[in-house]
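Heads up, the sequence shown stops at 189 in numbering that gives the first Met the number 0, and the numbers go up one at a time, no gaps.
Worth double-checking, as some hints may not be accurate.
Listed below are the simulated SDA-like cross-link pairs for lysine to any residue, each with C-alpha atoms no more than 25 angstroms apart in a straight line [to be verified]:
no., residue 1, residue 2
1, K72, E56
2, K72, H87
3, K1, Q182
4, K1, K24
5, K91, Y127
6, K39, A187
7, K116, Q179
8, K91, S136
9, K72, V143
10, K39, E20
11, K24, Q182
12, K71, D110
13, K39, E56
14, K107, I118
15, K186, T22
16, K116, H151
17, K72, A187
18, K107, H151
19, K72, Q158
20, K121, I137
21, K24, W185
22, K71, I37
23, K31, E21
24, K102, A175
Listed next, with one range per pair, are the computed distances between beta-carbon atoms [to be verified]:
no., residue 1, residue 2, range
25, I69, E148, 29 to 35 angstroms
26, G150, G117, 22 to 28 angstroms
27, I28, M62, 17 to 23 angstroms
28, G150, D36, 38 to 44 angstroms
29, L95, K24, 32 to 38 angstroms
30, S112, E148, 20 to 26 angstroms
For the record, the hints were derived by calculation from the structure and aren't laboratory data.
By construction, the Cβ of each residue, glycine as well, lies at the ideal position given by its N, Cα and C atoms.
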Amino acid sequence: MKIGLVDNYDSFSHLLLRLVEETTKSRVILQKNDEIDIEKLLSCDALILSPGPGLPEDAPGMMEVIDSFIQKKPILGVCLGHQALAIHFGCKLLQLPAVAHGKRSELKIMDYSTLFKGIELKAVVGRYHSWIVDAESISDELVVTAVDELGHLMGLRHQSLPIEGVQFHPESIMTANGVQMVQNFWKAYL
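With the sequences and hints as input, model every part of the structure.
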């Protein structure tokens, strides 16, 4: 199995790569967002969109990759990748009044069908972001899978496509069940 990882120039991308390699025992094809080879990525069995700075529309090639993959392969979006998937499905983003960089949060899990299967109700996760998906803009084709203690959206999945996103970082040492969450994604969709 091969997994494509779009690196949005984030310091956590290498940790995400290692986590994916360890949980899948697969080869990971890493491509920087400004050096994307769509054909090479399409040869992969699934795609991960990494965290990164700024907003999804500022990440070169990200929306094009989503357009190319959306009906074809499973996609997991992390932080910026999660936001990009949400934007693809018509959601809007909100800037947080205070940034959540290196912040621990307790999740309230709303949906246990895939990513959060077997995870305790109030899982602790690590966050590094200043934008969130606006819960008021969620379309009917998306399911909210988790929120934080303030009700901010922390997880989404598509109703019928193998697509999930998380605002937090499963690869962070602060995320207690990150390995299990990533393993659950592979079990559900590959």
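Here's how the hints hold up against the structure:
Under the criterion of a C-alpha separation no larger than 25 angstroms, the hint pairing K72 with E56 is consistent with the structure, at around 22 angstroms. Of the pairs offered as hints, the one joining K72 and H87 holds, with about 15 angstroms between alpha carbons and a cut-off of 25 angstroms not exceeded. A distance of roughly 15 angstroms separates the Cα atoms of K1 and Q182; the hinted pair therefore holds under the 25 angstroms criterion. For the hint linking K1 to K24, the alpha-carbon distance of about 9 angstroms falls within 25 angstroms, and the restraint holds.
Restraint check for K91 and Y127: satisfied, since their Cα atoms lie roughly 19 angstroms apart, inside the 25 angstroms limit. Of the supplied pair hints, the one linking K39 and A187 holds, its CA atoms being roughly 24 angstroms apart against a limit of 25 angstroms. Distance restraint check for K116 and Q179: the Cα-Cα separation of roughly 9 angstroms lies within the 25 angstroms cut-off, and the hinted pair is therefore satisfied. Of the pairs offered as hints, the one joining K91 and S136 holds, with about 6 angstroms between alpha carbons and a cut-off of 25 angstroms not exceeded.
For the proposed pair K72 and V143, the alpha carbon gap of about 21 angstroms is at most 25 angstroms, so the pair holds. Using a Cα cut-off of 25 angstroms, the hinted pair K39 and E20 holds, with the two alpha carbons roughly 18 angstroms apart. Annotation: proposed proximity of K24 to Q182 holds, straight-line Cα distance about 11 angstroms (limit 25 angstroms). Annotation: proposed proximity of K71 to D110 holds, straight-line Cα distance about 24 angstroms (limit 25 angstroms).
Restraint check for K39 and E56: the C-alpha separation of about 22 angstroms stays at or below 25 angstroms, so the hint holds. Proximity of K107 to I118 is assessed by CA-CA distance (about 11 angstroms); at most 25 angstroms being required, the pair is judged to hold. For the hint linking K186 to T22, the alpha-carbon distance of about 10 angstroms falls within 25 angstroms, and the restraint holds. Distance check on the hinted pair: K116 and H151 sit about 20 angstroms apart at the alpha-carbon level, within 25 angstroms; holds.
About 13 angstroms separates the Cα atoms of K72 and A187, which keeps this hinted pair within 25 angstroms; it holds. Restraint check for K107 and H151: the C-alpha separation of about 10 angstroms stays at or below 25 angstroms, so the hint holds. The suggested pairing of K72 with Q158 holds, with an alpha-carbon distance near 15 angstroms, which does not exceed 25 angstroms. At most 25 angstroms may separate the alpha-carbon atoms for a hinted pair to count; K121 and I137 meet this at roughly 23 angstroms.
For the hint pairing K24 with W185, the CA-to-CA distance comes to about 11 angstroms; that is within 25 angstroms, so the pair holds. Proximity of K71 to I37 is assessed by CA-CA distance (about 13 angstroms); at most 25 angstroms being required, the pair is judged to hold. Restraint check for K31 and E21: satisfied, since their Cα atoms lie roughly 21 angstroms apart, inside the 25 angstroms limit. A C-alpha spacing of about 13 angstroms is found between K102 and A175, which places the hinted pair at or below 25 angstroms, so the restraint holds.
Taking 29 to 35 angstroms as the suggested C-beta distance range, the pair I69 and E148 conforms, at roughly 32 angstroms. At about 24 angstroms, the CB distance of G150 to G117 agrees with the hint of 22 to 28 angstroms. Between I28 and M62, the C-beta spacing of about 19 angstroms keeps the proposed range 17 to 23 angstroms intact. Remark: the range hint 38 to 44 angstroms for G150 to D36 is upheld by a beta-carbon distance near 40 angstroms.
Between L95 and K24 the CB atoms are about 37 angstroms apart, so this pair conforms to the stated range of 32 to 38 angstroms. Between S112 and E148 the Cβ separation comes to about 22 angstroms, which falls inside the hinted range of 20 to 26 angstroms.
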